[in-house]
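Quick mapping for you: the protein sequence lines, in order, are chains U and C.
Read in the numbering used here, the first sequence has 161 at position 161, and its numbers run on one by one without any break.
Read in the numbering used here, the second sequence has 42 at position 42, and its numbers run on one by one without any break.
Source of the hints: derived by calculation from the structure; they are not laboratory data.
Heads up, some of the hints might be wrong.
As the list claims (entries may be wrong) - Reference excerpt, derived from the structure (chain U facing chain C, CB under 8 Å, subset only):
1. Leu-89
2. Ile-109
3. Ala-132
4. Phe-249
5. Ser-257
None of the values given here were measured: they were computed from a predicted structure.
The C-beta atom is built at its ideal place from N, Cα and C for all residues, glycine as well.
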Amino acid sequence: MTTQATPNPRTDLPPAPTRPRRTRLHRGRSWVGLAMTAPAFVLVAVILGWPMLQAFYYSMTQWDGITATWVGPSAYTHEFHDPAFRRVLQNNALLLLAIPLALVIPLGIAFLLDTHVFGWRIFRSAYFLPTAISWVVIGMVAERFFAAHGQLNSMLSAVGLGFLSTDFLSGERTALLAVALTFAWSMIGTNMIIFLTGMATLDPHLAEAARVDGAGGWQTFRRVTVPQLKRFIQFALMMTLISAFTALFSLIFVMTSGGPGYGTTTLEFFVYQTAFAVGQFGTGAMLGVILFVIMATVGIVQIVLLRTKE
Amino acid sequence: MSGVLPTLDDLPGPVTEPRKIRRPFAGSALFIAMIVIGVVMLYPFYFMIDTSLRSESSFLNGGGHSLDSWRALDSTLPWGQQLINSTIVCLLSIGIILVCSSMAGFAFAKLRYPGASGVFVAIIAAILIPVQSIVIPAYVDIAHWHLLTSYTGAVLMYSAIGTPFATFLMTVYYRSLPDEVLEAGVIDGLSYPMIFLRIALPMSVPALATIFVLQFIQIWDDLLIGLLFLQNTSERTITVGLGALAAGRTTDIPVLMAGSLVSALPAIVVFLIFQRFLVNGLTAGIGR
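So here's chain U without its partners, still in its complex pose:
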């Protein structure tokens, strides 16, 4: 930061004696503090914490929402042998292939915007704007875009690639590709903003020094900008990963309903389908627990990575 030159009245004062009137401040402080944190705690505990515990219990039962019969941990081993479940996990894994796209494109765009090209503020807002619209709306537009007579196919034939055109949403793999591309597209705005924020914190002298030393734009980007952005890239990766696993319900609901077959059913969509379309609440709860375990692992890995970097 560049605040060193300007005196900061707060930090330049001699340090205050630690805890001057501790007893006076302390009286009643604990009770007020406890009372003020209680609403948030109770809300989260009752609406999120308790159902999470219930999910662990019901995941080992056969449950229709009213009566539950205990099955035990074998419910899990049984599920792992279900071909539909394996297919769903495979879909999730394939969707992850869109993540590099969802990171590299916004990184490039952020780098270009950072040159402060004419009108860059307007471009920034325009690229960020899709963040405001719902997955439902994006899904509806994407469904027409990838349809048999949609814009993608007309564009393909217009540039002489007509042999590639197909009814994307009616093939299992092509439908998943369409979902993945839509997902990558919709992450561009958010990730671009994360990278731009990161670039604003960079030391401009480093890039300038590289340029003086004869590095070209690409080299400066790769060897100076990207390494300095490591923390921001890691953060964007986590956000994108979390979205890939947990934010695509509405998109899939509107765009493909998980089909054709299980072609675009991801774990989070499978939870909904199993419970609310098929009525197997116990299995649905189990799928939710599996999703939780995956996401908690991802989260803990992130925390460990951040800790070890310090």
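Use these hints to put chain C onto chain U, whose structure you have.
Okay, now just chain C, sitting in the frame of chain U:
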């Protein structure tokens, strides 16, 4: 910059200039690239507007623009009522989130009690819980409490889902307030709740605005919770109304696009007004 010695920042010349493309050709190539990216990013808006201005037959077979689909919107989607529902659900949920998270954040930052850090971790850890992991038991619980046929069930869900991250943001924000502010309040004879209400809360308006815009877009655009927890069609939000129509597959696409525009507009307006705060919220998790 009134220091005795000049710093690097005081030097003239390109040192602190943002990277500029100096060759005019490269500059215009870059500008054209920006326009192309803009077309890709704004394409859905163009598609929605263009399609909504056609009748179904002109959309399918080609033909001119008309307002037919906008006239037909009323009979397909009760958008007026649904906009009101979305607004009610959003404002109630965000209200609860702001109250809970600002109080808790203030206490975690300034009024720590024995065990406070454990409670803090318990709340923050809930960020890791995906909605889909708890939605089935929560649905059964809330059905059991007979709250599926009012706004209450959905509002409770949205509030609980939004509170952990909001609490995190508020705690970080209040931690940056100097303790002297608090002590001045104590010396003036204010109680802790009063210090919070009169001194700390007004100082945290930017953080509250960040939470507002993050949650507004989140809740306004949500489908899953609304679909399950708003069982009365008359209480459906606009996003749920649209989602239900879209999944039906029989509806006239231009009318759906008109409905999409109506649903997107409020979120876009909030987005444009609060864009700066949204940026803060998105990058708040990185830590400095």
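These are the hints, each one checked on the structure:
A hinted interface residue such as Leu-89 (chain U) counts as satisfied when its beta carbon comes closer than 8 Å to some beta carbon of chain C; here the least separation is about 15 Å, so the hint is violated. Given the 8 Å rule on beta carbons, the hint for Ile-109 (chain U) holds: about 6 Å separates it from the nearest Cβ of chain C. The interface hint given for Ala-132 (chain U) is met, as the beta carbon of that residue sits about 4 Å from the closest beta carbon of chain C, less than 8 Å. For Phe-249 (chain U), the interface hint holds, the least distance from its beta-carbon to any beta-carbon of chain C being 5 Å, beneath 8 Å.
Taken as an interface hint, Ser-257 (chain U) checks out: its beta carbon lies about 7 Å from the nearest beta carbon of chain C, inside 8 Å.
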